[in-house]
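Protein chains: 2
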Amino acid sequence: MYQRRVWTNRETQITERGCMEMKNEQILALLEERKFKELKELLETVHPVDVVEILEDLHEKQMILIFRLLAKEEAAEVFTDMNSDMREYLINTLTDSELEEVMDEMQVDDTVDVLEEVPANVVDRLLMATDEDTRKKINVLLQYPEDSAGSIMNVDYISLRKEMTVEEAIRKIRQVGINKETIYTCYVTEKRRLIGVIDVKDLLTAGESRLIEEIMDENVLCATTLDDQEVVASRIRKYGLVAMPIIDHENCLVGIVTVDDAMSVLQEETTEDISIMAGVSPNEDSYFGTTVFQHARNRSLWLMLLMLSATVTGEILGHYEEAMSVMPVLITFIPMLMGTSGNCGSQSSTMVIRGLAVGEIHFADFFKVIFKETRVALVVGMMLAGINGIRIYLMYDHDVMLAVALGVTMIAVVIMAKCIGCTLPLLAKKIGVDPAIMAAPLISTIMDTCTILMYFTIVTAFFHL
Amino acid sequence: MYQRRVWTNRETQITERGCMEMKNEQILALLEERKFKELKELLETVHPVDVVEILEDLHEKQMILIFRLLAKEEAAEVFTDMNSDMREYLINTLTDSELEEVMDEMQVDDTVDVLEEVPANVVDRLLMATDEDTRKKINVLLQYPEDSAGSIMNVDYISLRKEMTVEEAIRKIRQVGINKETIYTCYVTEKRRLIGVIDVKDLLTAGESRLIEEIMDENVLCATTLDDQEVVASRIRKYGLVAMPIIDHENCLVGIVTVDDAMSVLQEETTEDISIMAGVSPNEDSYFGTTVFQHARNRSLWLMLLMLSATVTGEILGHYEEAMSVMPVLITFIPMLMGTSGNCGSQSSTMVIRGLAVGEIHFADFFKVIFKETRVALVVGMMLAGINGIRIYLMYDHDVMLAVALGVTMIAVVIMAKCIGCTLPLLAKKIGVDPAIMAAPLISTIMDTCTILMYFTIVTAFFHL
Chain A
437 MYQRRVWTNR
447 ETQITERGCM
457 EMKNEQILAL
467 LEERKFKELK
477 ELLETVHPVD
487 VVEILEDLHE
497 KQMILIFRLL
507 AKEEAAEVFT
517 DMNSDMREYL
527 INTLTDSELE
537 EVMDEMQVDD
547 TVDVLEEVPA
557 NVVDRLLMAT
567 DEDTRKKINV
577 LLQYPEDSAG
587 SIMNVDYISL
597 RKEMTVEEAI
607 RKIRQVGINK
617 ETIYTCYVTE
627 KRRLIGVIDV
637 KDLLTAGESR
647 LIEEIMDENV
657 LCATTLDDQE
667 VVASRIRKYG
677 LVAMPIIDHE
687 NCLVGIVTVD
697 DAMSVLQEET
707 TEDISIMAGV
717 SPNEDSYFGT
727 TVFQHARNRS
737 LWLMLLMLSA
747 TVTGEILGHY
757 EEAMSVMPVL
767 ITFIPMLMGT
777 SGNCGSQSST
787 MVIRGLAVGE
797 IHFADFFKVI
807 FKETRVALVV
817 GMMLAGINGI
827 RIYLMYDHDV
837 MLAVALGVTM
847 IAVVIMAKCI
857 GCTLPLLAKK
867 IGVDPAIMAA
877 PLISTIMDTC
887 TILMYFTIVT
897 AFFHL
Chain B
437 MYQRRVWTNR
447 ETQITERGCM
457 EMKNEQILAL
467 LEERKFKELK
477 ELLETVHPVD
487 VVEILEDLHE
497 KQMILIFRLL
507 AKEEAAEVFT
517 DMNSDMREYL
527 INTLTDSELE
537 EVMDEMQVDD
547 TVDVLEEVPA
557 NVVDRLLMAT
567 DEDTRKKINV
577 LLQYPEDSAG
587 SIMNVDYISL
597 RKEMTVEEAI
607 RKIRQVGINK
617 ETIYTCYVTE
627 KRRLIGVIDV
637 KDLLTAGESR
647 LIEEIMDENV
657 LCATTLDDQE
667 VVASRIRKYG
677 LVAMPIIDHE
687 NCLVGIVTVD
697 DAMSVLQEET
707 TEDISIMAGV
717 SPNEDSYFGT
727 TVFQHARNRS
737 LWLMLLMLSA
747 TVTGEILGHY
757 EEAMSVMPVL
767 ITFIPMLMGT
777 SGNCGSQSST
787 MVIRGLAVGE
797 IHFADFFKVI
807 FKETRVALVV
817 GMMLAGINGI
827 RIYLMYDHDV
837 MLAVALGVTM
847 IAVVIMAKCI
857 GCTLPLLAKK
867 IGVDPAIMAA
877 PLISTIMDTC
887 TILMYFTIVT
897 AFFHL
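Residue numbers (the numbering used here), protein chains in the order written: chain A, 437 to 901; chain B, 437 to 901.
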């Protein structure tokens with residue numbers, strides 16, 4: 437039996453989708469044959485995260501049937517993970533007592549996440565389904581600003597006192613630990629103030645009579661409730677923590693942010709950054725969960741701004757009509773120059789944006805970055821100018837003047853692109869704007885204008901047009 | 437005392453850099469005054485990750501002085517985290533016995549990471565400094581392909597037998613746990629085969645006389661040694677695990693991948709994706725750790741390819757010289773059309789690339805994605821055409837024909853851009869190429885050519901040029 441199971445999961449690992457589809461079919465078959473007992477057993481072997489994926493493909497009636505077959509704890513996890521449409525349907529369909537059972541099993545921080553997403557009338561019904569004590573905790577958490585550490589923290593954690601012995605501490609964990617999301621780091625408090633941390637690992641391996649005070653680590657890495665969730669998540673990653681304690685303005689311990697939540701935050705923030713870097717206003721729903729009009733709205737703002745600013749480039753181009761009529765060959769180099777400068781600029785801005793995001797680059801490195809990019813630009817520019825020069829020399833009747841003029845333009849344009857590309861994200865960071873805005877779309881539009889200006893300035897001087 | 441410490445760390449949290457600079461200064465001052473005892477004490481309060489950051493700013497002589505003051509365990513962590521240049525200097529400077537002490541404290545998987553980075557002659561010296569037993573483990577790990585789960589896994593974990601009682605299990609953890617990187621999930625094996633998992637949390641809260649068999653979870657999520665590290669890391673995130681067990685082709689447990697390593701893998705892979713999406717060949721060093729020539733090399737490949745393909749666009753543009761001499765105003769719309777199509781295409785490709793990366797979109801969704809993008813493109817295209825039409829009507833003497841021709845071009849170009857933009861990453865995924873290649877630089881170069889062709893086809897038809 438066990439072998440098959442491990443094997444199943446190994447399969448899941450390798451061809452995740454294929455295997456889920458297989459289980460999906462099994463579940464559908466059992467559902468149709470109304471073999472609920474077997475179905476219940478099968479569902480016990482499926483991870484809540486996978487149950488959600490299965491439910492997403494089902495009709496609402498089937499979904500509710502399966503949801504009711506889930507074990508209580510699993511139902512709560514599935515309820516937490518599902519998308520808001522499914523959740524609303526469930527809330528409207530479940531009886532009060534069923535809803536109460538689900539809410540009872542949910543972690544307070546997850547309940548808060550759910551409450552922040554559902555419409556106001558549903559909030560009331562959900563709050564009614566929670567007990568008095570939980571409701572108080574929920575109300576506190578709901579007051580923290582969105583994207584703050586307070587809004588994602590978990591209020592269940594193990595706190596110990598420094599006078600306890602290891603034996604007493606382990607007994608306390610045994611008593612209360614079963615309801616806690618994480619017990620692997622315990623927090624030592626004195627009058628609610630955080631004074632130390634201790635890993636369960638160290639508790640288990642220490643002598644039973646030793647005092648917590650003696651073995652706790654006083655060097656606590658912690659964050660405050662109002663810190664940005666991304667900052668907290670980055671630090672959990674940086675220091676390889678299982679959880680980070682969150683304190684309020686009086687240094688009192690009020691909750692913890694766990695590593696799994698930190699991973700979700702980092703993934704969301706990266707998706708947001710990547711969206712912005714592509715000129716798309718980010719939203720929290722998934723690709724398919726976003727409607728066509730919402731997609732269009734998210735994308736059109738930047739497109740319109742960039743379109744209108746590109747008309748400026750067009751107007752400038754119009755001014756050099758005469759030069760182009762004298763030397764029509766000039767026009768054929770425009771796409772190459774605009775493309776190259778846009779790409780050079782985006783390369784630099786992207787490197788800097790990512791460097792800022794992972795903490796490798798800081799505003800203090802301003803001149804160091806510009807110096808580096810200028811040197812990179814010189815090397816790249818000369819190389820591109822060389823290759824392009826040879827091409828022009830061969831294709832345009834050994835026209836050395838043209839090759840040199842284009843070469844000079846190329847080097848100038850690449851240096852300009854790399855300098856503007858690396859400067860803008862740093863400046864954005866300094867004035868508190870998201871550096872991700874300074875990515876490809878904006879940079880290449882700016883570079884288009886600059887390139888046309890520089891190109892015609894150089895060639896008109898070269899050829900006395 | 438404790439309050440100051442917690443406070444220090446809270447400060448660290450909020451103004452991380454400012455605070456590190458303060459400690460940095462303190463350390464430098466103590467170093468100059470040769471107050472090694474105080475320095476040693478101060479260093480004990482600094483997290484190894486921060487020690488590395490401090491060392492990076494010091495001279496080599498100072499670095500080695502501070503390194504020698506670190507506690508053994510901390511020295512090992514610092515050694516693991518530092519960059520390869522610093523590490524090589526250290527290896528060349530430390531005595532054999534000092535090196536041995538550091539290597540003794542290192543986790544086997546970290547040692548392997550270090551060995552993969554240092555030059556061959558250094559590898560020998562490091563292997564000499566490890567004991568026989570560890571050397572065997574290292575040699576096994578070194579055989580796994582780069583980027584495989586095997587290459588990042590940890591070979592230290594707790595395995596239990598199903599016949600054990602909870603009491604026996606806890607006793608085993610107490611005995612061996614101190615050397616293990618993670619003990620929070622224990623693995624139940626039978627003849628080395630993985631048959632179940634159990635959280636330490638469940639062990640602590642279960643009755644002492646119960647059998648492991650009764651309380652273990654047989655639904656093990658695991659991966660094989662040859663699975664891609666990114667796949668394993670994504671699943672650790674998806675299921676919110678602390679660690680994932682890794683089995684070989686015979687279903688035998690050989691190691692675990694822990695959540696902190698998973699977070700590093702995900703960050704590296706995202707940085708790699710973002711680099712590729714900006715047309716930069718990724719490398720593993722940091723921005724400042726990469727030399728100017730390496731940067732230039734990473735960036736020039738794509739720039740050259742794109743530059744040469746942009747000359748095609750230029751040649752095509754050259755062919756329509758006559759049309760432009762008849763209607764010179766046509767040239768002023770080129771930057772706007774090329775810019776908009778490039779941006780539209782990159783928006784779609786970026787959304788799809790990210791969707792593929794986080795598992796929200798699969799190749800099976802091919803037609804669903806195209807259908808969605810086409811509808812989005814229609815909405816966006818009509819809007820942009822409208823705004824642009826009004827602008828042209830107002831700016832160019834109420835020229836309705838021109839406004840309509842540009843409007844038709846705009847809608848056609850946006851639909852084409854969005855369809856090509858969403859198709860290419862999906863096709864890349866299908867044929868096993870990294871979808872990130874199909875991002876802004878490539879898409880906008882392709883779109884430049886397509887846009888010019890479509891634009892002149894439409895306007896020559898409209899105005900019978």
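Be careful, since some hints might not be right.
Copies of the same chain look alike in the list, so a pair counts if it works inside one copy or between any two.
[What the hints assert, rightly or not] In silico lysine to aspartate or glutamate, DMTMM-like type, Cα no more than 25 Å apart, as pairs:
#1 K865 - E489
#2 K473 - E599
#3 K674 - E480
#4 K804 - D638
If you are wondering where the hints come from, they were derived from the structure by calculation, not from laboratory data.
For this session: Quick one: which hint numbers does this structure break? Sort them smallest to largest.
Result: 2, 4
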